[in-house]
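Engineer: Given next are the chains, with one letter for each unit.
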Amino acid sequence: MKKTSSQRKPFMTHAGGLFFVLPSIITVIIFVYGMIAWSFNVSLTNKNSVTQKKLEYVGLKNYTDLIHDERFTHALTNLVKFTIVFMLGTLITGFIMALLLEKGIKGEGFFRSFYLYPMAISFIAMGTVFNWLLNSARDQEAGGLNLALQKIGLGFLQNDWYVSQKGAMYSMAIPAIWQMSGYVLALFLAGFRGIPDDMREAARVDGASEAQIYRHVLFPQLTPTLLTVLIILGHISMKIFDLIIGINGKSYVTQVVAVYMWEATFDKHDYAKGTAIAIVLLILIAVVVVPYLRYNNKQQAYR
Amino acid sequence: MSNDLVDLITAKPSVRNKKRKLTGREKFWLIFRYVSLAIIWFLVVMPIYVMVINSLKGVKNVYLTNAFKLPTKLDFSAWSVAWNGADFFPHGLSESMTRTLIFVVQSSIISAIIGSINGYVFAKWKFKGSNFVFTMFLFGMFIPYQAVMIPLVRLATNIGINKSIYVLVLAHIIYGIPICTLIFRNYYEGIPNELIEAGRVDKASMVRIYRSIILPLSIPAFVVVIIWQFTSAWNDFLFAIFLTGGSPKLSVATTALNFITGSSNQVYYGVNMTASLIVSLPTLIVYIFLGRYFLRGLLSGSLKG
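One line per chain: the protein sequences are A and B, in this order. With positions in the first sequence counted from 1, the corresponding number in this note's numbering is that position plus 541. With positions in the second sequence counted from 1, the corresponding number in this note's numbering is that position plus 1.
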């Protein structure tokens, strides 16, 4: 980006600016950081039921309990399964979409607009549809996706989907991939188009084949985009909640960390456990996001 | 400019579309691309297609085995049932849709105003430590809201605000501060500092410069932020379910829909599909008419916009 002389020169320090953002700063400190601290505080107590009258600090007991809690490890395993399939699937699908479109093609606007619309719809609404279509009935009784698979000659792919014992989380990834691929498409399309045409042309003049151009010229330029995509998908995946609830409610087979937290809080009124789960989730996400924010901050400084 | 990404995406590639005769191999790849694009198109459209056609089959004639088949004759009765309710379907969507619309519009407008002021300061009137504060804001955008939810519910219950829809207005304004500030800051970074300096030479105050120079230029950013907040508040389920506790009196679009589909009564799939379509329509309409602005908000969330 071209810098004008005045853009390079930083502005002076302005206390006046601080005055106007102070209300927001205080709000963020209270409602983000304060509430996190409060949550953490609750997670250190024995507030494990509504009837618990005598509140005491129990140290990290709620956290160590989680390690031995079969339901929690189940939810965590589910989350890992889901995350792997969801991230890979969305990354690959979105990248293929971007590859198909990046050179420009007649009707691109039409395809692009359609590919991006799922982003505007809620997981809950989509969950209702997928809850119905991913029905587990097969062969003669089949309907929805299983029937569609039979019709196009892929009957062997028929599946129990989200009620299956082993594959439930993988089939949960299908609607998630469906919904988020457009995001990846948008990011990669921007990445591709941010590469100056000269680089392509130069490689072509040097006699590189199309495949070589992609491999050695274009793909290396997309590394920052790939990083962004992975962070974005990673934090969405770890927080996944609405989608699971929308399709399969609180069912045990498809419980993930966020859903288990909800169950502990709402159904069991175990606030200490609920906050402990939430803090674990926060840490998992912070490990991914904080380095990204710092990296981003440094990039901004050079801009 | 700060809107680089969307401009890049929607730009027509210039050099690449040279008009000349295609070689056989190029022709093959072109056909291959169109076929692949069409297959993906069908997959992407499929759920909406299922919603629409099954909403037109009436209440009783909807089975999973004919989920993909067009209706033999048009029957709009599922629409009126999903909207107004019926004996066998007690919770029509009309009330929760209206409630959602009102609260979402309020929270997105207020969010935009706050975001604009913050963005102006973070872009043009940096103070000592403002970059650090800004990064602190951004972290608030990525946190799992579960980590603040239990204290938030406690607080809302203690001051009694959880009995009104304003609890959601406030929640979306507060937790929308980071993204709204980010979008406006990025937008204002693209406005040349010369404009501000010209104002300062004329002895205009910070507020004056905002009002007469910055604000008139801000309309696109306002559209982006309002659309973004509108869509995310409309589609939100987490805050709604925690803060209103699933109380039917405060149900919003998503919680109402989830209640309908999660109920163990006899399920009317035609009505369910219609209900999901109704709940999706407002954000879909916004996307259809203002997709470009929606895309801007979406990409800002990646911090790259």
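Just so you know, the hints here were simulated from the structure itself, not pulled from any lab data. Take these hints with a grain of salt, some might be off.
[What the hints assert, rightly or not] Mimicking DSSO-like on lysine-lysine, the simulated pairs with C-alpha atoms at most 27 Å apart in a straight line are:
#	chain 1	residue 1	chain 2	residue 2
1	B	K74	B	K61
2	A	K809	A	K595
3	A	K692	B	K164
4	A	K644	B	K22
5	A	K809	B	K164
[Claimed, not checked] Far from chain A, some chain B residues (derived; all Cβ distances over 10 Å):
#	residue
6	S81
7	Q107
8	K127
9	N159
10	A205
11	F223
12	W235
13	D237
We treat Cβ as the ideally placed atom computed from N, Cα and C, and that holds for glycine.
Engineer: What's the verdict on K692/A and K164/B, does the C-alpha distance respect the 27 Å limit or exceed it?
Structural biologist: violated (51 Å)
Engineer: Grab the minimum beta-carbon distance between D237/B and chain A and tell me whether it stays above 10 Å.
Structural biologist: violated (8 Å)
Engineer: Within 27 Å, alpha carbon to alpha carbon, are K809/A and K164/B?
Structural biologist: Holds. K809/A to K164/B sits at ~22 Å (cutoff 27 Å).
Engineer: Is A205/B truly not at the interface, in the sense that its beta carbon sits beyond 10 Å from all beta carbons of chain A?
Structural biologist: Holds, because the least Cβ-Cβ distance between A205/B and chain A comes to about 13 Å, which exceeds 10 Å.
Engineer: Take the C-alpha atoms of K644/A and K22/B, compute the straight-line distance between them, and say whether it is at most 27 Å.
Structural biologist: Measuring from Cα to Cα gives roughly 17 Å; hence the hint holds.
Engineer: Check the hint pairing K809/A with K595/A against an upper bound of 27 Å on the C-alpha distance.
Structural biologist: With a Cα-Cα distance of about 18 Å, the restraint between K809/A and K595/A holds, given a limit of 27 Å.
Engineer: Check the non-interface label on S81/B: least C-beta distance to chain A beyond 10 Å or not.
Structural biologist: At roughly 19 Å from the nearest Cβ of chain A, S81/B sits farther out than 10 Å, so the non-interface label holds.
Engineer: Checking one constraint from the list: CA of K74/B to CA of K61/B, max 27 Å. Satisfied?
Structural biologist: The hint holds at about 13 Å.
Engineer: Over 10 Å to the closest beta carbon of chain A is the bar; see if W235/B clears it.
Structural biologist: W235/B not clear of chain A: closest Cβ-Cβ about 7 Å, inside 10 Å.
Engineer: Against chain A, does F223/B hold up as non-interface, every C-beta pair farther apart than 10 Å?
Structural biologist: holds (17 Å)
Engineer: At 10 Å, judged by beta carbons, does Q107/B keep clear of chain A as stated?
Structural biologist: holds (17 Å)
Engineer: When you look at the beta carbon of N159/B, is every beta carbon of chain A farther off than 10 Å?
Structural biologist: N159/B is indeed farther than 10 Å from all Cβ atoms of chain A, at 12 Å.
Against the hints set out earlier in the document, violations occur for numbers 3, 8, 12 and 13.
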